[in-house]
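Undergrad: These are the residues of each chain, in order.
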Amino acid sequence: MNDYLVLMKSEWLITITIFLLLILKVRGEMRSDRLLSIAQVMLLIATIVGFLFNRYGRLFGSMYYTNPLIGFQKALLTLATYLISLLCADWFKKTQHLAEFFILMLTALLGMFLMISSGNLLMFYLSLELSTIPVAALANFDLEKRISSEAAMKMILSSAFSSGVLLFGISLFYGATGTISFSAMSNHLSGEPLQTLSFIFLFTAFAFKLSVVPFHLWTADVYEGSPIAVTSFLSVVSKSAFAFVFLIAIYKVFYPLEKTWYWLLVITSIATMVIGNLFAIRQQNMKRFLAYSSIAQVGFVLVGASAGMSSGTSSVVYFMLIYTFSNLAAFGVVSIISERSGKENMTDYKGLSRSNPFLSWVMALALFSLAGIPPTAGFFGKLFLLTAGASRENYWFIVIATLNMIISLYYYLRVVRSMFMEKNDNPIQSVAIERSVYFGLILCGVGIVVTGLFSWLYQYIVSLI
Amino acid sequence: MHPGLNHLLFVSTSLFFIGVYGFFTRRNLVTILMSVELILNSVNLNFIAFNKYLWPHRLDGAFFTVFVIAIAAAEAAVAIAIIINLYRSHQSIDVEKAEELKY
Amino acid sequence: MSGSTIIFYLLAALTLVSGFLAVTSRMIFRSAIFLLFSLFGIAGLYLWLQYEFIFAVQIVVYVGGIAVLIIFSIFLTQKSGEELPSQNRSRRILSALAALAGMLLILTQIYQHNFVGSTEKPEEVSVARIGSQMLDVTDQGYALPFEVVSMLLLAAMIGCIVIAMRSSDKKQGST
Amino acid sequence: MNLTALLVIPLLTALTILLLRRHHLVKWTALIGSIIQCLLCFVLVAAFRKEQITSPSDFMYFIQQFDWLPAWNISYKLGVDGISIAMIMLTAFVVLAGVLVSWNIEKMTREFYFLLILLSLGAHGFFLSLDLFMQFFFLEIAVIPKYLLIGIWGSGKKEYSANKLALMLMGGSALVLVGILALYFSSPDKTFDIVRLSEIHFSTRTQRIFFPFLFVGFGIFTALFPFHTWVPDGHSSAPTAGSMFLAGISMKLGSYGCLRVATFLMPEAARQYSPTIIVLSCIAILYGAFATMMQKDLKYMNAYSSISHCGFILLGIGMLTRTAIIGSVMQMVSHGLMTALFFAVIGMIYDRTHTRMINEMGGLMKMMPMISTAFFIAGLCSLGLPGLSGFAAEITVFIGSWQRTGLFYRTATIIACMSIVVTAVYILRAISQTLMGPLKNPAFGNIKDANWNERLAAVVLIAGIVLIGMAPYWLSELVRGGADIIAGRLMSK
Amino acid sequence: MPNSLYIACIPLLPLVSFALLGLFGTRVFKNLSGLLATVLLVVSTILAIWVAYNYFFHFGQANGIYQRIIAGQVTWLRFSSELSIDMGLMLDPISCMMIVVVSFISLMVHIYSLSYMKGEERYPTYYAFLSLFTFSMLGLVLSSNMFQIYIFWELVGVSSYLLIGYYYDRPGAVKASQKAFIVTRFADLGFLIGILVLSFYSNTLDFNTLIERLTNPASPGLKTALASSFLGISAITWGSVLVFMGGAGKSAMFPLHIWLPDAMEGPTPVSALIHAATMVVAGVYLVARLFPVFSISAPASLDLVTFVGVLSALLAALIACTQTDIKRVLAYSTMSQIGFMMFSLGVARHGHEEQLGYSASMFHLFTHAFFKALLFLCAGIIIHLVHSNEMNDMGGIRKNLPVTHICFLIACLAISGIPPFAGFFSKEEILQASWQRNKVVFWIALTTSGITAFYMFRLYFKIFWHKPLGHQASHADTAEGDTMIRLPLVILAIGSLLTGFIPFGRFVSADGTPVHTDLNLIFSVGPVLVGLAGIFLARWLYLNKNDAPEKIKNGTRALYTAAYHKFYIDEIYVFITRRIIFNLVGKPAAWFDRNVVDGLVNTTGNTTQIVSKKIKGLQSGKVQEYAIYFLLGAGGLALLFIYGWK
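Chains as they are written, first to last, in my numbering: chain X, 1 to 465; chain C, 1 to 103; chain B, 1 to 175; chain A, 1 to 493; chain H, 1 to 646.
Think of the hints as simulated: they come from the structure by calculation, not from any bench. Please note that the accuracy of each hint is not assured.
Stated by the list, open to error - Here are the simulated EDC-like cross-link-like pairs (lysine to aspartate or glutamate), alpha carbons at most 16 Å apart as the crow flies:
| no. | chain 1 | residue 1 | chain 2 | residue 2 |
| --- | --- | --- | --- | --- |
| 1 | X | Lys-252 | C | Glu-100 |
| 2 | H | Lys-587 | C | Glu-100 |
| 3 | C | Lys-102 | H | Asp-570 |
| 4 | A | Lys-157 | X | Glu-339 |
| 5 | H | Lys-622 | C | Glu-99 |
| 6 | A | Lys-366 | H | Glu-120 |
| 7 | H | Lys-616 | C | Asp-94 |
| 8 | X | Lys-145 | C | Glu-99 |
| 9 | H | Lys-30 | H | Glu-120 |
| 10 | H | Lys-622 | C | Asp-94 |
| 11 | A | Lys-440 | H | Glu-120 |
| 12 | A | Lys-157 | H | Glu-120 |
To be verified - Now the stretches of chain X that chain H is said to cover, found in silico as 3 or more residues with beta-carbon under 8 Å:
| no. | segment |
| --- | --- |
| 13 | 94 to 103 |
| 14 | 124 to 137 |
| 15 | 177 to 191 |
Even for Gly, the Cβ is constructed at its ideal location relative to N, Cα and C.
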């Protein structure tokens with residue numbers, strides 16, 4: 001029984017939080033900032049606890065299993081959610097449905113926990129839906145905005161379609177192998193065409209969630225239309241969780257199909273980087289811009305993932321951690337600006353460095369990290385991905401990836417340029433930054449700088465594998 | 001010829017692509033949702049068929065079906081809520097009317 | 001041709017034809033009804049395969065729940081009797097081609113594949129057994145998925161409430 | 001001597017600057033930091049000479065090593081030889097001068113100095129590190145501050161230039177990265193350590209494929225033809241200190257990399273590609289010089305002349321003889337100092353006249369003899385006047401190049417030599433049109449000569465130029481040891 | 001042998017004065033600058049004379065042969081174990097002769113300038129540059145190393161540049177300085193490559209070793225150098241010719257002479273020092289320095305030297321006849337005289353019998369320094385008086401400038417080769433040497449010396465006689481100034497009178513052994529007569545104003561016009577530089593860079609943008625299309641991996 005408590009500690013904490021919020025909500029009249037701080041505190045606790053006492057274990061007849069790395073990843077996801085709860089405080093305070101929002105978001109988080117711990121396809125599918133459907137509802141939480149419901153609609157339909165394809169793939173797998181358990185399945189994989197087919201169907205589900213080209217098309221629309229907290233959640237937490245599961249899937253379950261997935265990764269990764277970059281180049285809306293940038297980032301993640309077990313896992317997990325800090329910092333700034341001034345366009349950011357130097361520098365730092373510029377952590381993250389990818393000695397692939405890095409630098413610099421170098425007759429006024437937001441941004445900034453330079457973190461991840 | 005696995009698979013696959021076709025071509029959001037239901041049903045049929053004909057020693061397929069049905073219900077509920085909300089803001093549930101987000 | 005074969009073909013035909021009509025009919029209400037038929041057809045197939053429990057779930061959840069929900073939402077959002085606008089032709093052709101191609105691909109793969117089933121003794125399918133497995137936490141138990149689904153349903157419910165029941169004091173309309 | 005100190009000083013300076021609020025404190029911090037760094041460099045030279053006596057044939061001196069990322073075999077490894085010491089000295093000098101020249105920056109002073117010192121940190125780190133990964137890290141550190149310096153404090157079409165510079169340099173470093181990774185994975189024990197890598201003989205195929213990556217990648221930093229177009233735009237748009245840094249140090253990062261990484265680690269490929277390198281650098285030398293002749297903007301002129309001068313560096317590397325390599329390193333130092341001085345002077349002139357167009361000036365010598373003298377010295381150094389550093393460096397390259405026998409190499413050397421005439425043409429043209437002749441614009445009649453800070457900056461750089469020019473012996477002997485090892489490896493197989 | 005420190009002081013003292021004046025001149029020394037420089041130079045000169053005296057009479061000889069002595073050497077830059085630039089002091093007959101000439105003439109100019117340049121705004125700078133020049137020139141002549149000579153060669157060039165452009169606000173001066181530098185730089189390119197060639201085969205840069213290795217037929221370097229050829233010419237000849245190119249540039253030999261007349265834009269004392277007496281003979285000195293290599297290993301290159309020398313002498317003389325700017329006339333005459341020195345070297349050969357030309361050339365160099373410097377210094381005084389360089393603005397000023405007049409006359413007689421003036425002796429030897437070797441050269445030389453006499457006296461008569469003094473100056477005016485100005489004139493005039501009697505051949509010869517130069521009176525009759533003829537022709541034409549010159553001018557229209565326009569050589573150069581280098585090379589290069597290379601970079605960027613715009617339709621906003629892409633993507637990948645990826 002102790003196992004159920006310790007191994008599932010993250011899940012328990014999140015569930016408790018969900019129900020706590022639910023009860024508080026049902027009992028009524030609690031001020032939303034109180035609710036928010038409760039949620040923040042609970043998330044902080046969950047984060048801290050998440051990093052501790054991680055060990056191996058299987059529960060529910062191997063449907064659930066965990067190990068230190070999985071525990072670590074869960075803690076990272078919680079951390080990201082915690083950061084979101086800090087950074088988007090402006091928006092949270094405005095919304096009427098704060099408790100519901102957190103309930104849904106935490107449910108999705110719970111879904112992700114279960115997903116990365118899942119031991120068979122059923123659990124995987126269920127938790128995938130658990131992590132998707134609430135988010136689709138969340139996307140609609142800007143109830144007054146047309147684009148919010150459009151985004152939610154696009155998301156739920158796309159994901160329904162995607163899960164249809166996924167299910168079809170799972171059913172074929174089931175037919176071909178007679179099992180839905182991961183550990184049993186890998187013994188049955190032989191690379192027959194039907195298995196390849198079903199693997200590709202399965203892959204599309206990951207690809208869809210990770211926004212891999214050509215399964216990415218929902219991403220930008222949903223990111224743009226959703227409330228910024230949801231966008232952050234989708235682009236950071238959800239992506240990170242799915243990337244992680246994807247790694248487990250290809251390394252542990254589908255390892256026999258290595259030849260297939262390697263080339264699948266190469267192809268889709270190139271497509272993703274190229275298309276993501278090409279679209280990002282011409283975006284004006286910051287959220288949309290970050291959406292495409294995150295698509296392109298996924299391309300790089302796939303480069304790292306193509307490496308294989310040890311270096312692939314470590315580099316991807318490490319990168320996702322850095323990506324969390326960087327992307328959240330960027331989204332945090334966008335969120336403040338958009339909540340306070342209603343402006344989301346890149347042209348509005350012109351001259352931002354004059355009126356809001358702090359925000360501008362945080363933004364610049366975040367973008368540099370996303371672009372992979374030292375000494376920010378993004379440099380290390382990206383470099384390890386590329387190094388891992390290069391371990392296959394397939395260098396033209398790396399060349400393409402690095403070329404794409406340059407394109408991506410171009411558009412990240414575009415933002416920096418408008419903030420620092422261009423003049424604006426009607427600049428965004430100096431905005432007041434809330435304490436929690438400030439704290440969140442500082443946390444992200446420190447994360448961006450420190451994660452890279454201090455190597456023990458990476459070493460720690462390596463040691464977990 | 002007694003119908004076997006292949007027949008059932010034919011039915012399910014056809015149903016799947018009928019759903020897909022519907023998903024691609026219907027303009028009304030509710031009908032798109034209906035297509036999704038068809039897709040999910042076809043998958044369920046697959047599971048049951050495989051369970052029955054190939055792997056009857058365990059009930060994995062059947063359980064999968066049960067859970068898929070449950071998920072489908074939840075998904076449909078959320079989808080319909082979103083559709084209704086969309087209807088409120090757009091005064092229409094034509095999918096082509098909700099194309100503000102693009103490029 | 002045995003009776004069971006005939007029943008199978010009838011059920012299959014019902015499922016496919018009404019499914020096809022459900023996605024092509026221009027009248028939305030009819031569409032919904034065809035969907036219902038198609039779902040019935042599927043349920044029938046479950047019964048034909050002797051999965052009574054699944055049959056029951058299918059009838060309860062789909063026919064009793066989802067279909068009603070859909071019809072309900074049609075009432076909410078549509079004036080009945082109105083013809084649905086049709087999708088442009090090129091899209092229809094493209095979709096049909098894509099769907100056909102996909103079907104061809106999958107069917108080819110399925111038929112080329114040599115399915116090898118298990119030779120073990122089949123497990124009996126009784127409601128009691130399903131019930132006990134559902135709440136079991138051991139190797140064959142499905143307690144965790146069960147809990148997951150319940151969480152999901154809870155979340156879906158909350159989500160639906162927030163989204164669909166927009167507080168009435170707010171001005172309706174678009175921004 | 002603990003080499004980490006050379007990194008700690010700029011780092012501390014940068015961090016201190018970040019914490020300070022008052023502008024003049026920032027300036028003084030930067031100045032003091034760079035002076036300390038300069039002094040430290042002298043200490044380093046002294047220690048090096050002493051060490052060299054006791055163990056004359058070491059590859060690297062004062063090696064320091066800690067594990068940084070054991071998972072990838074990445075270590076924090078520092079070490080110097082004569083070549084890197086020369087480059088470090090150069091960096092310290094140019095940064096000191098740059099800090100002095102920028103004394104009057106009003107806009108975002110703190111950020112400006114922070115970035116400037118960050119740049120110097122990058123350069124120092126690059127020259128010090130013996131681990132390819134670390135080197136790459138520092139190489140990239142030096143890119144973005146440049147972008148910001150140009151974009152925020154620059155002039156002209158600064159956004160375009162800044163972008164172009166950042167993208168092209170990142171492109172270069174992307175190629176470098178691929179090359180480095182290839183070396184890493186081709187090495188039997190998966191190492192980034194230059195010392196270890198230099199003991200490995202890579203297969204011919206590996207060398208042939210990846211040498212261009214490294215060489216072109218670093219070459220972009222050094223304005224290798226035809227990847228040089230960032231140079232004119234970048235230099236001309238940058239603020240004075242930025243241009244000084246760009247031309248003075250940043251371009252040397254590339255050439256140092258070409259030498260230390262590309263050529264040294266892949267000697268076989270270097271021999272194979274030597275004709276290509278030579279052709280490209282000859283084109284750069286002459287073509288750059290001719291293009292310079294037609295420039296109307298002083299900064300453009302100097303930028304193009306940098307292309308031409310950096311051609312000598314690459315030519316020296318491409319010729320692969322020991323003397324040529326020594327010459328090439330000397331040219332790095334010399335060009336660094338000279339071009340920094342040039343840009344500093346151009347900046348001073350611009351501050352006073354608010355124009356950089358050559359044809360709008362004239363007769364400025366009367367108003368500002370001090371600045372004019374500095375201009376003269378920079379110009380004369382540029383055209384290779386004996387007694388100033390340019391001459392010794394170029395001559396060494398020529399002599400070294402001439403040691404490669406064969407019509408092709410001879411022709412290349414002669415072509416390179418021809419540039420001394422063209423250089424004379426454009427330098428004299430610039431001098432005569434800006435400084436000499438009658439005063440063209442009466443508004444320039446009451447401009448003032450250099451301030452104390454400008455004067456000091458010029459003196460620092462001129463001291464370097466004259467010191468090397470008068471006694472090139474110590475510089476050539478300083479780098480000889482390192483060059484010997486590189487050349488030995490090039491000749492060995 | 002004197003302590004090498006003393007020898008080193010000869011060039012270093014001017015360097016000290018340059019450094020002092022350059023750093024503190026305008027602040028500290030101001031009007032004392034001249035005095036400081038002069039005093040230091042006096043010491044230097046005394047040292048030089050003392051060293052030279054000691055060399056010639058005490059320690060220079062071993063077994064009756066003058067040796068090349070390295071008095072001191074410091075490594076300046078090392079290329080390899082063999083090749084290094086060593087800064088050294090080499091004493092041999094010609095370097096000893098040169099240090100005397102340079103320091104002495106320089107001293108004269110220093111003294112002259114004390115009052116001549118007084119009141120100039122940049123007086124300290126002037127002396128600083130002058131000191132720099134003196135240092136460089138002394139360093140040049142004392143060089144023991146091939147590269148050392150190149151280094152000082154360049155320094156001399158730059159100090160010449162600085163001094164020509166001394167009046168930097170005069171556009172003409174600026175242009176001239178630029179031209180001088182660039183043309184000589186072009187020549188130095190040849191010199192540099194020549195050094196590379198020679199040093200490669202000899203594997204040394206040291207003069208002694210180099211000459212030894214490249215003249216000894218047994219040495220491997222020479223063998224390979226002779227064996228390897230390019231365009232059918234042996235490497236050693238190429239090397240020599242290229243080195244000569246450098247010399248020709250500095251010595252203003254055809255066709256690299258175009259800078260010299262323009263260089264007269266500089267202050268007149270500078271012209272006297274640099275562009276008449278010392279720097280311009282550096283080319284001759286260079287050839288003399290490497291004479292063994294030229295004559296033993298690459299005799300063909302000496303033929304080139306002869307040819308260029310003769311041609312320059314003749315052309316310059318012809319041009320000089322038509323010029324009206326007195327400094328330009330003097331400049332062309334300088335060029336012509338250097339031509340004499342050059343071909344004299346060219347007709348000489350290493351070896352006891354045939355080395356007369358060598359000694360003659362050096363002798364002429366020596367004497368020429370005196371009378372040409374004198375001419376220029378006189379011209380300076382004249383110009384001060386008339387405030388013009390134009391011959392036509394002058395006339396009849398002998399009353400105003402009595403001392404100058406006498407001095408000028410002496411110098412003219414010297415240059416015309418009239419005994420017993422110095423020029424007579426040296427020119428006589430040259431003619432003798434060429435007579436011995438090549439009759440064609442002799443006849444041309446003879447003609448040229450006649451023309452020389454003619455244009456010099458044309459100058460003399462037009463300045464001092466010809467017509468009464470114009471309105472520029474009244475009779476009472478005298479510009480001769482104080483003793484400081486007159487003193488150098490007198491000293492130099494005495495020099496022009498007496499130096500001819502030095503038995504030069506005894507001291508200076510190609511191989512160090514004395515050369516006996518019997519003054520062959522019978523042989524001398526012809527040249528002297530020719531000279532006198534020239535003088536009388538000039539007297540006939542220019543003593544008084546008449547229309548004879550006009551008639552002659554019209555009679556020889558084509559030749560006159562061509563000569564007047566300096567045979568259009570300047571125009572050819574302008575054509576080449578402007579049209580070809582600037583328009584056909586420079587502009588296209590700049591254009592190519594901005595449009596093609598840069599254009600490619602920009603195109604890459606733009607293409608990306610365009611592609612990005614083109615594919616935006618992919619994201620149409622229609623969720624169903626997204627699903628179609630989804631299915632197609634999945635299907636495509638499936639097909640690829642099932643059928644395409646075996």
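Undergrad: Are there hints from earlier that the structure breaks, and if so, what are their numbers?
TA: Result: hints 1, 2, 3, 4, 7, 11, 12, 13, 14 and 15 break, sorted rising.
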